[in-house]
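Protein chains: 2
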Amino acid sequence: MAKFQKHVFICVNERDADDPKGCCASKGGKDVASALKQKLHERGLKRIVRANKALCLDQCAQGVTIVVYPEATWYGHVTVDDVDEIVEQHIVGGKPVERLVLPPEKLTGIDPERAALVRKSPPA
Amino acid sequence: MAKFQKHVFICVNERDADDPKGCCASKGGKDVASALKQKLHERGLKRIVRANKALCLDQCAQGVTIVVYPEATWYGHVTVDDVDEIVEQHIVGGKPVERLVLPPEKLTGIDPERAALVRKSPPA
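If you're matching them up, the sequences are chains A and B in order.
Mapped onto this note's numbering, the consecutive letters of the first sequence carry residue numbers 1095 to 1218.
Mapped onto this note's numbering, the consecutive letters of the second sequence carry residue numbers 1095 to 1218.
Simulated from the structure, these hints should not be mistaken for laboratory data.
Since we're looking at a predicted model, the values are computed, not measured.
Mixed in with the good hints, there may be bad ones.
Treat identical chains as interchangeable: a pair holds within one or across any two.
To be verified - Using 25 Å as the maximum straight-line C-alpha spacing, the simulated DSS-like pairs for lysine-lysine come out as follows:
| hint | residue 1 | residue 2 |
| --- | --- | --- |
| 1 | 1189 | 1115 |
| 2 | 1140 | 1115 |
| 3 | 1200 | 1100 |
| 4 | 1133 | 1189 |
| 5 | 1100 | 1133 |
| 6 | 1189 | 1100 |
| 7 | 1115 | 1200 |
| 8 | 1115 | 1100 |
| 9 | 1140 | 1200 |
| 10 | 1124 | 1140 |
Working from the sequences, and respecting the hints, build out all of it.
Following this line, the structure appears as structure tokens:
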């Protein structure tokens, strides 16, 4: 049902300066989002791949965080300097940039094998 | 590579009041996001399914807009009253809520059949 062939969410969430988690805004999230959008346009991918600013992706310690759907590839500690490689190698070439990939053990969220998504009956 | 079994993005983007496109914030995007988050927590799905605020999803005329990944199901004109049905029927039950689904012809983006995502050589 999608028209975007890939949908890339970049965290630009802002937390208070004294928040121990830090935030992607303070680590350059907006610059990464702008650079990604610009690069996609240069590659003729406007409206084919969308660079989408997102609020908190819940991986604050790994920021700047990006997630690419539909494949659900997560990247952490992304800088503007990584954008060309992400677009050329992954978005265009189909091969994730392994050095930036966040493995499952570094992601928040409950391991799918330990969590039952489907609960057939509503809560009492 | 994902831990979230589903990742639901809700547009909360704000445009100027005189913008002819309108915006999801003015149509209740933040309330929809809060209701969805609350409902997921009540159903025991915290950190299994993430309700994530997003900036512009590029479907302003259809707001409040939501997209559910990894399946890439798009919903439009969503209100707080629709949240229970989306969670119970789609997120838990696996069946999209057809009356809210945005079909491809209503989505911005270029039809995948008309767009070549992969361009092997960089632009000259």
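Verification of the supplied hints:
1. For the homomeric pair residue 1189 and residue 1115, neither the shortest alpha-carbon distance inside one copy (30 Å) nor that between copies (36 Å) is at most 25 Å.
2. For a Cα distance limit of 25 Å, the shortest separation of residue 1140 from residue 1115 across copies, 19 Å, qualifies, whereas the shortest one inside one copy, 33 Å, does not.
3. In this assembly of identical chains, residue 1200 and residue 1100 lie within 25 Å of each other by CA distance both inside one copy and across copies; the values are 23 Å within and 18 Å between.
4. Taking the shortest Cα distances, residue 1133 and residue 1189 sit within 25 Å of each other inside one copy (17 Å), while across copies they are farther apart (36 Å).
5. In this assembly of identical chains, the alpha carbons of residue 1100 and residue 1133 lie at most 25 Å apart only when taken from the same copy (14 Å versus 28 Å across copies).
6. In this assembly of identical chains, residue 1189 and residue 1100 lie within 25 Å of each other by CA distance both inside one copy and across copies; the values are 13 Å within and 23 Å between.
7. With identical chains, the CA atoms of residue 1115 and residue 1200 are at most 25 Å apart within one copy only, with a shortest distance of 14 Å there and 39 Å across copies.
8. Taking the shortest alpha-carbon separations for residue 1115 and residue 1100, only the inter-copy value of 24 Å comes in at or below 25 Å, while the best intra-copy value is 29 Å.
9. In this assembly of identical chains, residue 1140 and residue 1200 lie within 25 Å of each other by CA distance solely across copies; the values are 17 Å between and 31 Å within a copy.
10. Taking the closest pair of Cα atoms, residue 1124 and residue 1140 come within 25 Å of each other only inside a single copy of the chain (18 Å); across copies the shortest separation is 27 Å, beyond that limit.
Consistency note: the structure conflicts with earlier hint 1 alone.
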